[in-house]
Each structure stands twice: as structure tokens, then as C-alpha cells.
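A.B. asks: Okay, here's what each chain looks like letter by letter:
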Amino acid sequence: MDLLWQTAVNATYAASYMALIAVGLVMIFGVMGVINFAHGELYMVGAYCVVFLYAQENFPFLLAVAAGLVFVGIVGIVMERTMFRPLRDNPLGGLIASIGFLLILQTLVVFGFGRRMGHVPPSTHGKIEFFGAVLTYQRLFVIVAAILLLAALWAFLRRSKFGRALRACAQDTEAASLQGISMNQTARIAMFIGAGLAGVAGALTAPLVSPTPYIGHSIIVTAFIIIIVGGVGSLEGAVIAAVLYAFVHTFVTTFFDGVIANIVGLALMLSVLVVRPTGLFGARERA
Amino acid sequence: MPEPVGAMPATGTGGSIGRIAWRLRPVFLFAALAALPYLLSYSQQEIAVLLVINVLLVSSYRLLTLTGEWSLGHVVIMGVGAYASALLAKQAGVPVPLSMLLGGCMAAAVAALLSFPLFRMKGFYFLIGSFAAGEIIRLIWKRFTDPFGGPKGLKRIEPFPDIETGFLSIDFYEPVNYYFLALVVVSASLFVLYRIERSRIGLTFHAIHWQDRLAESVGVDTFRYRTLAFVIASFFAGIAGGLYAHYIGAVNPTRFSVDQMVYVLVWAIVGGTATFHGPILGVVVLTVINEIVLRALGLDTARPLIYGAILILSVLYLPNGLESLGPRLRALWQRRRGGSAAAGSEPA
Amino acid sequence: MSRKSLDRKISRRKFLGTTAASGTALAAMGSGLSRVAFADSHTIRIGFLAPLTGPVAAWGKPGLDGCLIWADWVNAKGGVNIGGQSYNIEFVGYDNEYDAAKARTGATKLIKEDGVKFVMMLGGDTWPGVQKIAEREGMLFSTLLPSDLSPDSTTLVAPCEVHPIYNVTGVEWLAENKPELKTAAMCAQDDALGKPSVATYLAAFEAAGIEMQDEPLFFDPATTDFAPVMTKLLAGNPDILCLDTCYADYVHPLCEQAFQQGYKGQIISCTADFYQKIIEKTSAEFMEGFIFQFPDFDDPALNSEGVNFVNPNEFYAEYAKRYGASEWGAVSWEYASIMDLWADAAGKAGSAEPAAVLEAMKAGGTGKHAFGTADWWGTELFGIDNALVGNWPVVAIEGGKATIKEFRSIPAWWDKHKDLMVKHMTALGQMWNQRG
Numbered sequence: 186m187d188l189l190w191q192t193a194v195n196a197t198y199a200a201s202y203m204a205l206i207a208v209g210l211v212m213i214f215g216v217m218g219v220i221n222f223a224h225g226e227l228y229m230v231g232a233y234c235v236v237f238l239y240a241q242e243n244f245p246f247l248l249a250v251a252a253g254l255v256f257v258g259i260v261g262i263v264m265e266r267t268m269f270r271p272l273r274d275n276p277l278g279g280l281i282a283s284i285g286f287l288l289i290l291q292t293l294v295v296f297g298f299g300r301r302m303g304h305v306p307p308s309t310h311g312k313i314e315f316f317g318a319v320l321t322y323q324r325l326f327v328i329v330a331a332i333l334l335l336a337a338l339w340a341f342l343r344r345s346k347f348g349r350a351l352r353a354c355a356q357d358t359e360a361a362s363l364q365g366i367s368m369n370q371t372a373r374i375a376m377f378i379g380a381g382l383a384g385v386a387g388a389l390t391a392p393l394v395s396p397t398p399y400i401g402h403s404i405i406v407t408a409f410i411i412i413i414v415g416g417v418g419s420l421e422g423a424v425i426a427a428v429l430y431a432f433v434h435t436f437v438t439t440f441f442d443g444v445i446a447n448i449v450g451l452a453l454m455l456s457v458l459v460v461r462p463t464g465l466f467g468a469r470e471r472a
Numbered sequence: 017m018p019e020p021v022g023a024m025p026a027t028g029t030g031g032s033i034g035r036i037a038w039r040l041r042p043v044f045l046f047a048a049l050a051a052l053p054y055l056l057s058y059s060q061q062e063i064a065v066l067l068v069i070n071v072l073l074v075s076s077y078r079l080l081t082l083t084g085e086w087s088l089g090h091v092v093i094m095g096v097g098a099y100a101s102a103l104l105a106k107q108a109g110v111p112v113p114l115s116m117l118l119g120g121c122m123a124a125a126v127a128a129l130l131s132f133p134l135f136r137m138k139g140f141y142f143l144i145g146s147f148a149a150g151e152i153i154r155l156i157w158k159r160f161t162d163p164f165g166g167p168k169g170l171k172r173i174e175p176f177p178d179i180e181t182g183f184l185s186i187d188f189y190e191p192v193n194y195y196f197l198a199l200v201v202v203s204a205s206l207f208v209l210y211r212i213e214r215s216r217i218g219l220t221f222h223a224i225h226w227q228d229r230l231a232e233s234v235g236v237d238t239f240r241y242r243t244l245a246f247v248i249a250s251f252f253a254g255i256a257g258g259l260y261a262h263y264i265g266a267v268n269p270t271r272f273s274v275d276q277m278v279y280v281l282v283w284a285i286v287g288g289t290a291t292f293h294g295p296i297l298g299v300v301v302l303t304v305i306n307e308i309v310l311r312a313l314g315l316d317t318a319r320p321l322i323y324g325a326i327l328i329l330s331v332l333y334l335p336n337g338l339e340s341l342g343p344r345l346r347a348l349w350q351r352r353r354g355g356s357a358a359a360g361s362e363p364a
Numbered sequence: 145m146s147r148k149s150l151d152r153k154i155s156r157r158k159f160l161g162t163t164a165a166s167g168t169a170l171a172a173m174g175s176g177l178s179r180v181a182f183a184d185s186h187t188i189r190i191g192f193l194a195p196l197t198g199p200v201a202a203w204g205k206p207g208l209d210g211c212l213i214w215a216d217w218v219n220a221k222g223g224v225n226i227g228g229q230s231y232n233i234e235f236v237g238y239d240n241e242y243d244a245a246k247a248r249t250g251a252t253k254l255i256k257e258d259g260v261k262f263v264m265m266l267g268g269d270t271w272p273g274v275q276k277i278a279e280r281e282g283m284l285f286s287t288l289l290p291s292d293l294s295p296d297s298t299t300l301v302a303p304c305e306v307h308p309i310y311n312v313t314g315v316e317w318l319a320e321n322k323p324e325l326k327t328a329a330m331c332a333q334d335d336a337l338g339k340p341s342v343a344t345y346l347a348a349f350e351a352a353g354i355e356m357q358d359e360p361l362f363f364d365p366a367t368t369d370f371a372p373v374m375t376k377l378l379a380g381n382p383d384i385l386c387l388d389t390c391y392a393d394y395v396h397p398l399c400e401q402a403f404q405q406g407y408k409g410q411i412i413s414c415t416a417d418f419y420q421k422i423i424e425k426t427s428a429e430f431m432e433g434f435i436f437q438f439p440d441f442d443d444p445a446l447n448s449e450g451v452n453f454v455n456p457n458e459f460y461a462e463y464a465k466r467y468g469a470s471e472w473g474a475v476s477w478e479y480a481s482i483m484d485l486w487a488d489a490a491g492k493a494g495s496a497e498p499a500a501v502l503e504a505m506k507a508g509g510t511g512k513h514a515f516g517t518a519d520w521w522g523t524e525l526f527g528i529d530n531a532l533v534g535n536w537p538v539v540a541i542e543g544g545k546a547t548i549k550e551f552r553s554i555p556a557w558w559d560k561h562k563d564l565m566v567k568h569m570t571a572l573g574q575m576w577n578q579r580g
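Chains as they are written, first to last, in the working numbering: chain A, 186 to 472; chain B, 17 to 364; chain C, 145 to 580.
If you're looking for bench data, these hints aren't it; they were derived computationally from the structure.
It is possible that some hints are incorrect.
[Stated by the list, open to error] Below, a list of computed lysine to any residue pairs in the SDA-like style, where the Cα atoms sit at most 20 Å apart:
id	chain 1	residue 1	chain 2	residue 2
1	B	K138	A	L453
2	C	K408	A	G311
3	B	K138	A	G218
4	A	K312	C	K567
5	A	K312	C	G573
6	C	K276	B	R172
7	C	K408	A	L342
8	A	K312	C	L378
9	C	K256	B	F188
10	B	K106	C	G573
11	C	K276	B	D162
12	A	K312	C	Q405
13	C	K465	A	G218
14	B	K138	A	R461
15	C	K408	A	L188
16	C	K256	B	R311
17	B	K138	A	L451
18	A	K346	A	K312
19	B	K138	A	Q356
20	A	K312	C	E424
21	B	K138	A	L465
22	C	K465	A	F296
23	C	K567	B	D162
24	B	K106	C	Q578
25	C	K408	A	V319
Between the sequences and the hints, there should be enough to build the whole structure, so can you do that?
C.D. replies: So, in C-alpha cells, the structure goes:
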């Protein structure tokens, strides 16, 4: 029974940070129409913000996490302005540019922090125990932050003018611009949010993963699987798929092994693609 | 740039020396390619061998992109050819040139099988679907140590047999000799690929890309044509895999990972995919920059950074690829000369 | 070797003669152009062919950095004395990006254009691309991964790392000093690094009479969250938790998870890079008694008689000063220790030529390994006696500091339990004659 509870706790944590990453990736794809291959590196940069500010310069952990969100969000705005905006009609060009960008980010982090892992001491050793399962505060932070951030994002997209503009752009760029919605402004905000979510995921999990300059690769592959299962254009789908994937992967790892869990994950994605190519929550129209 | 024989566009009727030279392009090209290894150092010859193999890989990839689909599984398909050819030679004792051909056929067969699930998807979904399919193939190589060798892959793959006759002795360990072997195989393959593109089938591929609903409405079975493009492209990727496996002598699952695929994508897009020679231009220029220029500059640890910057700058300032550079420069040149020599300058 | 290379020249010439007529003229031009830049007569060049960029660079670049210190020290003392003359040592690096084809290109460049006398490699995925060149050119190569050894490659040696065989020493020490520990659970990274190590630990546990609670749990090398792995491992509350050989960035979260999920038992691992940081993440009590195989180089035990690594404490201090302590790892000293062995052999041989150095290196069947005089060994496991195996340190964390507990003999273990090792290696497909 402990094992079951502990596994459920583990899965909840995994679902939380994966959801942040996947929602960011979907956001960028939805508005910009580009596959941001550098998304894993944005996560990595977020983690290194915490390595620098919290572990090396001793700023408070939450401040470092907030800085990670803002800094990586700004990196996203820079990407939008310098790469994705000029390449708006050239999604493959945007893909290549994001590959170039990830190489640059990796190398810069190697120069700044060395090629070996960054070290982040936990911000607290506290933990809660229930039904024989352990949940550390460090992991609880991630779960709470993910819920708060995603809820805030949801409210923002529902209630604000920006949110409506954002959704309009994601649905139909031309119609949106005919309605007088500024594509540039919308894209900038979407990029800030999308990148910032990846950054905050990296920042929050930095004490738990031992970040290296090359960790982005593991992240992006998982994120791809999740957004495919959820449906590429759907934010809600990304969240639900993250939960689904995290639970399946965690339970299979615990009850079989990690390699089989990866195979199951891929098979899940492939079968979703075959049965319902637009993902579980994607629009009917195929891209 | 590398254009196979028979690719000469119809030129004007004039007889100036320049025009004759233009007509003789293929001759010059082959002379240059034959002379090339003797102008290079030994290790640069090694790079040239791999470059020729990659030319076939990226050109075969372009055939698939004609139908508008971008795959992330092409390098894994190359790996299927490499593994199949290596295993046939190692375990079944099939002679090497034949095993390469069978490796190509195996790659084509796997592609035909994969086309059933994959061509239910289009665009972005196809891209990701092909990635998933490729990953599953790679996991199979990793998981089934017998016969695929697990994560370490296959080693000591039979080399291409030496040719020993009375007066001729060719040892394919020497990069210069393998370069010529690869050059012959790849030229022949490119010729076939080029003819396919110019045939009615090739035109149908184009039609599917630009007007798939229309093509369907006039009775074109788009699924069949997409599959055909995928299978042909995979066959040649498999051949490239065979050429690789029997030269390097080793294959492993990491060699065919998505990181390597990203390079193929980069070569194709930086070169440009509107013309046959675009992707070839891309692979040649980027390989020379990355493997020769940046290394010669002694920038070892900064190499990925500069390479990344080059990628970004090239898609920003050459959105139609390196292939668009030639016509642009020519237009500039002609404007300078007042448009006096307009004829005979149109590339393919 | 010389006959072979002669044959090759002839066949190349024949080939040239029979190709197009233009070939001859161009060949003459080409040979003039090719950049054969041999070093001056008082410098010997050594090739360093390993990943310097990319994810595997952590196993290459710090080694090159360590070699630069080695070269500076040796050259400052006037160089290496070979046949009555002193030679400076210069390292030529080539980034193979952990790719077999690039390693092949790099090997030919180092041998044919830079004129190196010896090439050090990380090995692994990159070695099969170089194998043929080593055989044809007769160049001396070294690897850090002895699983690259095979009887076909007589000029490849594994003179420092004998991963994973030395892992038996940790288990044996544990069984002797803490006999009350009876059960174990193990997780491992599913790749060429993790698998042979799993076989080794299984053999060592079986030899020590320690029972495995379950099959080893494999995880993908791209795993980022280790909570489920640890939950599964701790399900049976094992006396011993074995982390096998995995990347440093996985040892940390694994330990952190074991701590968080309330594990109180013994941990054994091949490596524990930056263990001070693990202590920060867990607690000093939790990490007390943690067993692994890589000592700190400021450990005073390394100054004891029998250890051949020259000035280990000073080497560590200099390394930390130049590159920062956070770049230090096992490979920082390993390549440099191979250079000690090479310089010693070249001095004995009176020549830097690869064949002569190899012969002098292996003369008498023993060699000066970093941790003491050791035997050239390996026929039963690798098909060739080209691994230098002797003592290896067992390291425990005591009071927050890695401390060498004992130098233990690997051959002594092997003589008693080799059948077990062969059995487990065979079961996982890791014997030299099983590998593709």
C-alpha cells in the first residue's frame, strides 16, 4: 500500500513539472506555428538561473525561481524578436533557427558554469508523510507552483483582452489581424509566457535534478510525446496528457522498469497518433 | 554545383566560348570531383568520403520532402540499411556489395511497412509520428542484443572487399579509393533520383505537395504516391547506410539518433529544397565549415556556438537557402553589365 | 607492421597508375599541398582523441586539461629522457564528439598529419571506428574502457581504468567489514557503461554471499526524475543499495531520493563525484560510510609507498587552481596517469616508437599502475592481456570526507571467483567474444 501511495505522489510531482513545460511548448506552437526545439534548453537555462542566484549568490530560493521565470521569459522575447518574427512565414526556418539557438545556449552555459553538473542544495529539508508515503517540501513547491501558475494562466486567457487575442491568433492568424489584433504584441506575450513556463519548471526542479548543460535533450523528447498525446494546439490537452503520461510512466517504472516505461510511452504516443492523429484534445482539422 | 549528366537546361543558340563551357559543366564537375582527393590531406580525404555518403542521405531526403512531408526518421532508416547490410555480411556471409543492395531493399521494406500508420498523418503530425517510429526501431536495436548488439551496436563489420587482379589492386581501407567507390555509387543514385524527380511520378509528387485536394479530385491516389516517395527515398538512405557501415566498420543506436537527424534537416533547409542541388550545397558548405574551417581555427569548445549562429543567420538572411545565392549573385552581376548577356544563365 | 604499410603504399601507387592520366600530375600537386607538419626534433607529440564538446565531453575535456598540467610539469623539468636525449611533450587534441566516424578522421589526422607517437582515447562508441587504423598503422592507443579490448587489436591497452572490474573490491571490503549486511537492491543505467558494471556487481554480491532482492532495475540514460526508481528499489528495504556505475548527475538525485524516502542502510556506488554536494542535499549521517571507488587526490593515503601517481596532492591542487574544483573528476587524473606509464616505458625502450614503447610497457608482464605495480591481464575476459590490473582503492565517506580504507587486490578476487564473473558477464552478453 505504501508503494502505491508513494508512486502516486511521485507521479503527481512528475505531472506538475511536465505540464508546465508542455503547456509552454504548446503555447509557442499555437501562436507562432514553430516547433521550438530549444524548449528543453529554456528549461535548462531556468535551472541555471537557480544555480547562479540561489546556489552561488545566496539569494532566496523563491526569488531565484521568480528571476528564472522572468529571465527565461525575456530570452523568449529575444527569440521572438530576432528569429521567429522574421521567420513567421517560414516554420521550417524557425525550427532550424531554434536548433541553432539551442547550440548557442548550451555552449554559453558550458562557458559560464562548466560542462559538469550544477549543484543546488535543497531550500528546505522538510517533508510531510501520509499513508506511509513521503512528499518533500521541495517537491510540494513544484506541485503547488504548477497548479497556481497554470490556474493563473487559465484565468488570464479566459478573462483578459490579451487572452482572447492570444486564442484568436492561435486559431486563425489572418482573421485575428483583420480584427485589429497586433500579431507582434500577441506573439511577444505568448513567447514570454511559453518560455517563462519552461524556465520556471527548470528553476523549480533545479534542486531535484542536478542540471547539466545538456539536460534539455531529455526534456524535449518527453515534452513532444506529451503534446502529441494531448493534441498539439490544446493547452488543456497538454495538461491532461502530462498527467496521463506521468502516471503511466511512473507506475510502469516502479512496477516493471524504466526502459520499458519509455517504450510504453512511445507506444502510447504512436497509438494515439494512429487512432486519432490530432491527439486526444486536438481540433478535428489536421494540421 | 553537383548536377548529374543530362541535367543541362536548354540554352540559347549562340556559340560563344562561355556557352560551350556552360554546356560542358558536367565534364568539368567530374574532373573536379576526380581531382579533389589529390588536393586534400589524408584526414580531409576521410571527411570527403563521409561527405559523399551524406550527399546521398540528404538528396534522398529531398525526394521525400517533394511530397510536402518532413520526416524525422530518415537517419533511422539509413540505420536500417546499415544494420541490415552489416548483419547480412557478418552472419549470413553475403558478399558486401550485394549486402549493401539488400540493405537498401530492407530499408525500403521497413518504410513500406511504416507508411501504413504514418501516412494517416500529415505535416507536423507526420514529423512527430516519424520520430516516434524511428525511436521504436532504435529501442529494438538497443533491447535485442542478439542480433543487433544492444547499446554497443555492431563492430568489425566486413569491409568492402579489396580488388585484386593481375594489374589492378585497390584497397578500400584507403579513403581515396573508398571516395571513388562512394562517388560512383552516389552519382549513379543521384542520377536515378534526378530522373525520378523529372518523370511523371516526380511531377505528381510536386502536385501532391502543392495541391493535394486537387490531385485527389483528379484521381491521384495520394497515399500511394506518398508511400512511393517514402520507399524510394528510404532505399537510397539504406544504400547510404551500407556505404557508411562498411567503411567505418561499426554501427550503434546512438549514431542514428535524432541528433543526427537534426543535422540532415539543417543541411536540407540551409541549402534550400527548391532545387535538386540545394541540399547538396547545404551539406557540402556546412560540413566544410564545421569539420575543416572551425577546427582549423582551433575553436574546439566554441564550435557548437559558432555553428549555431551560422544556422540562425543563414535562415534569416538566406530564407530560400544557399541555392538562392547563385541566382542572386548572377542577377547582381547582370545588372552591373547592363543586362547585355541575359541568355544562357538560367540554372536548373 | 612495416610490411603492411609497404603493401599499402604499393597498392595505392598501382591504383594511381591505372586511373585517369590526369591523376599523376594532380597527385604530385596534392602531396605537396598536404599538411604534414611533424614536430621539431626535440618535441614528441601525443594525440588526445576524445569528446571535447557535447554531452560526453565530461569524460574527455577534463582529461586533456589534466594532461596539460602533466606536460607543463614534465617539460619544466627538461622533458622526458628517451635514449639519452630529452624531449618535450606536446598534446594535440581532436574533438571526436563521441562519434566513430569523426574518431576515425581524427585518428588519421593525428597519425599522418600531426605525427603523434601515442594516442589516448576515451574509447567506447568511438573505438570501433579507429580499430582498423590502429591495426594498419601499428599505432599505440589507450582506452579508459577495457571492454574495447579484443585479441584483434594488439596495440590497444587499458592501462589505468579497468572499469568495471575494480568494483568487486568495494563489495568484498563491505562483506568483510560489515558481514551483517545480507540483502541488496541495484539500479543501473541501460547502456554500455551500466551493463558490464551490473554483471560485475552481481558477481561480487554472489561471491560475498549477499542476496539480490530483485532483478537489477534498468533506467534510460535520459531519465530526469528518479523518485519512482528509488521507490521501487526501497520496496524490499534492502541492507545494501547499489547504484552501479552511473553518471554523476544521476548519483546525486538517486541519493537525494533515497534520503527523502527514508532509507537508512548502506549505499555502494562506483563513483560519487562532488560527494560534498550530496551531503549538502542529504545529511552527513546519511552519507556516513558510503562506499565508492574514486579517492580524492588530496588524500594522504595516496602518498604511501607503492602508489605510482606522481605528486597526487599537488596535482589536485594545481588542477583546482587552474580549472576550478568543480571540473575535477576521475578522468582528470586518469589520462595523466597513463602518460606516467608511457613516459616510463619510452624511457626504458630508449625510443618513442609505438611498437618499442608497447613492448617496454608490457615487459615482464607487470607495469606501474597509478595505484601500484600491477599485472597485464585480461585474456579470460577480453581475449588479450592488455589491461593493467592490480590494486584499487576502496573509499568510504567518513565525517564528510572521502577516505581511502584500503588498497585491495583485484587479481586476488579474480583468482577465487572468476567463474562467477564469467557467468554474469556471459548472461548480460558482455564477454569479448559475444560483442557484435
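A.B. asks: Hints first: check each against the structure and report whether it holds.
C.D. replies: Going through the hints against the structure:
no., hint, in the structure
1, B:K138 / A:L453, "19 Å, holds"
2, C:K408 / A:G311, "17 Å, holds"
3, B:K138 / A:G218, "15 Å, holds"
4, A:K312 / C:K567, "44 Å, violated"
5, A:K312 / C:G573, "43 Å, violated"
6, C:K276 / B:R172, "8 Å, holds"
7, C:K408 / A:L342, "48 Å, violated"
8, A:K312 / C:L378, "18 Å, holds"
9, C:K256 / B:F188, "18 Å, holds"
10, B:K106 / C:G573, "18 Å, holds"
11, C:K276 / B:D162, "24 Å, violated"
12, A:K312 / C:Q405, "10 Å, holds"
13, C:K465 / A:G218, "48 Å, violated"
14, B:K138 / A:R461, "12 Å, holds"
15, C:K408 / A:L188, "17 Å, holds"
16, C:K256 / B:R311, "17 Å, holds"
17, B:K138 / A:L451, "19 Å, holds"
18, A:K346 / A:K312, "41 Å, violated"
19, B:K138 / A:Q356, "18 Å, holds"
20, A:K312 / C:E424, "16 Å, holds"
21, B:K138 / A:L465, "16 Å, holds"
22, C:K465 / A:F296, "17 Å, holds"
23, C:K567 / B:D162, "18 Å, holds"
24, B:K106 / C:Q578, "13 Å, holds"
25, C:K408 / A:V319, "15 Å, holds"
In the structure shown, a violation is registered for the earlier hints numbered 4, 5, 7, 11, 13 and 18, in ascending order.
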